[in-house]
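Enquirer: If you read the sequences in order, they're chains A and B. This note's numbering numbers the first residue of the first sequence as 1 and each following residue consecutively. This note's numbering numbers the first residue of the second sequence as 1 and each following residue consecutively.
Read the hints as simulated data drawn from the structure, not as lab findings. None of these values were measured; they are calculated from a predicted model. Be aware that a few hints might be false.
For lysine-lysine, the following DSS-like pairs were computed, each having C-alpha atoms within a straight-line distance of at most 25 Å [claimed, not checked]: (1) Lys230/A <-> Lys87/B; (2) Lys164/B <-> Lys256/A; (3) Lys15/B <-> Lys181/B; (4) Lys284/B <-> Lys234/A; (5) Lys234/A <-> Lys299/B; (6) Lys220/A <-> Lys87/B; (7) Lys230/A <-> Lys194/B; (8) Lys256/A <-> Lys299/B; (9) Lys87/B <-> Lys234/A; (10) Lys234/A <-> Lys164/B; (11) Lys194/B <-> Lys179/A; (12) Lys196/A <-> Lys2/A; (13) Lys256/A <-> Lys194/B; (14) Lys152/A <-> Lys321/B; (15) Lys256/A <-> Lys284/B; (16) Lys299/B <-> Lys18/A; (17) Lys181/B <-> Lys105/A; (18) Lys220/A <-> Lys2/A; (19) Lys87/A <-> Lys190/A; (20) Lys230/A <-> Lys181/B.
Derived coverage of chain B by chain A (criterion: at least 3 residues anywhere in the stretch with Cβ under 8 Å from a Cβ of chain A; other residues may be distant) [to be verified]: (21) 34-47; (22) 302-314.
No residue lacks a Cβ here, since even glycine has one placed at the ideal position from N, Cα and C.
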Amino acid sequence: MKIAVCLKLVPATTADIKISSDGQSLQLAGVETIVSPYDEYALEAALKLRETNAGSSIQIIAIGGDDALKCIHHAFALMADSAIQIKAPGVDARAAARCAAAVLKTSVPDVILCGRQAVDDDLWLFPGALAEALDVPHATAISSLSVAPSGKAFHCRRRIEGAEQSIEIQMPAVLSCDKGLNEPRAPTLKGRLDAKKKQAVAKTPAELGLSDADLQPALKVTRYAPPPQKSPGKIVQGEPAQAAAELVRLLREEAKIV
Amino acid sequence: MPNEILVIVEHADGKPKRTAFELLSVAVTLAAGGEVHAMMLGPGASAAARGLGEWGAHFVHTAEAGLENYTSLRWTRAIADFAAARKPAAILMAAGSLARDIASRVAMRLGGSLASDCVELALGGAGLKLTRPIYAGRARVTAEAASGTLLVATLRPNAFTVVKPAMSAARIVVPLMVAEKPEDLRAVVLEVAKAGGTRPELAEASIVVSGGRSLGSAENFKIVYDLADALGAAPGASRAAVDAGYAPHSMQVGQTGKTVNPVLYIACGISGAIQHLAGMRTSKYIVAINKDPNAPILKLADYAIVGDLFQVVPALTEEFKRALRG
């Protein structure tokens with residue numbers, strides 16, 4: 001089975017997101033970075049598929065500069081077979097999907113695994129956009145995955161509001177992965193040492209037939225801002241029963257809810 | 001300058017989902033005198049269309065044939081074919097599992113832009129202007145879609161005010177034919193297993209009552225469920241409580257769980273780690289019950305009780321029951 005995994009580097013989920021005083025840019029230099037957590041489930045799913053399907057190979061796709069190389073190094077330490085770095089630093093998710101499609105369309109893998117959302121832009125764009133660009137089906141935020149008896153499709157499950165869907169999806173397909181799909185393994189020492197010997201293939205967007213216009217941002221950012229600050233709240237005093245009664249009164253009369 | 005706006009209205013149990021009215025209110029503003037078209041897909045769409053009443057849509061396009069079982073490709077085709085012909089300025093969807101599945105595909109097929117989970121959306125100087133959270137809500141970005149380009153926007157539930165139109169539009173229900181192409185069946189839903197139970201869905205609830213690891217056990221979560229049931233609320237849990245096995249993952253609120261935006265969020269024994277706040281910080285009113293006066297969540301709470309949750313939460317349940325009995 002030919003397996004591809006798309007990885008993105010993001011600020012750590014506990015990192016402070018600083019905004020310039022004019023609100024025109026984010027100040028992320030020096031912030032701790034990680035592979036986007038949902039992408040880790042995608043990588044683990046790839047490793048499991050390779051283990052259970054003899055003759056399979058895992059190709060990593062990462063778009064960016066040093067950030068992409070960091071993702072690739074992590075994947076090499078987990079024994080990915082090959083990697084392509086597309087040198088398009090700072091492009092948005094739509095441009096990234098176009099880059100990944102340009103690389104993958106010449107030889108579409110059986111499965112392309114991604115995280116359900118990148119935890120920086122939280123856009124939920126990349127997997128569906130990539131599937132559309134490659135004209136393959138996709139499944140979003142899968143929480144279980146197996147190969148169908150035919151060997152030409154996957155069975156997966158996906159949580160939606162109040163229910164769970166069981167999906168059959170033909171290969172080739174893009175699958176975006178949710179928490180609960182698996183437990184990502186850590187690289188071994190041997191993996192980390194081997195990673196140093198492995199090299200990604202670097203491509204520029206131009207080499208892939210993409211123009212500047214293809215990489216233009218989909219939306220024009222006008223401002224960054226911190227989340228709205230709330231004015232300090234009220235601490236309701238008293239013994240449990242009294243405090244409870246007072247809180248209910250405040251919610252009804254002051255907040256006018258309930 | 002008037003715009004045409006397409007709204008994807010989801011429906012369940014024979015009526016439009018609550019989010020539909022928020023979407024239509026926004027659509028009317030964005031249309032600036034132009035036409036608002038609603039689209040309802042899947043079994044029961046025509047019947048549910050009646051529930052739209054006089055809310056803002058000039059036309060409601062309903063399609064049921066060929067849409068008996070959900071396939072992302074056919075839903076994408078239904079929306080994209082319609083939009084390709086009519087060229088609306090924007091397609092609005094509620095931020096939820098349907099939008100997360102197909103909004104990206106629709107935007108890509110039509111060469112448009114996607115803005116997910118918008119908390120603001122309005123007419124701007126040069127086109128449509130939106131604000132959405134990024135970095136799990138640690139920042140917000142305001143951006144514009146250039147006029148003449150298509151914006152696919154998914155809107156966070158409860159982030160927009162529902163405004164009943166002053167004059168009812170002459171609402172016309174139009175049956176829509178959706179092309180049934182075999183390639184749409186490359187991904188099909190074989191089965192839908194409903195979660196069961198009568199409690200509201202967490203991501204859609206108006207009131208959420210969540211418990212943290214301080215509850216100490218799955219059995220103790222009963223006090224959270226009792227308060228939730230007294231309020232007709234959805235019960236939730238912090239990641240720590242879920243990881244400890246006190247509540248199922250489906251109840252998890254936070255960065256790696258669900259994002260909720262209820263009118264009232266009651267956090268019982270939750271300290272308020274960044275990752276939890278990411279999932280609930282835009283709730284209209286936040287109530288925190290915690291014995292630690294320095295718990296981070298207290299900084300975000302509109303009202304807080306610093307005390308023992310095992311005494312306070314049951315007392316609250318009693319008080320709400322008393323108050324709601326009238």
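Enquirer: Taking the earlier hints as the rules, which of them does this structure contradict?
Expert: 1, 3, 7, 9, 10, 13, 14, 18, 19, 20, 21
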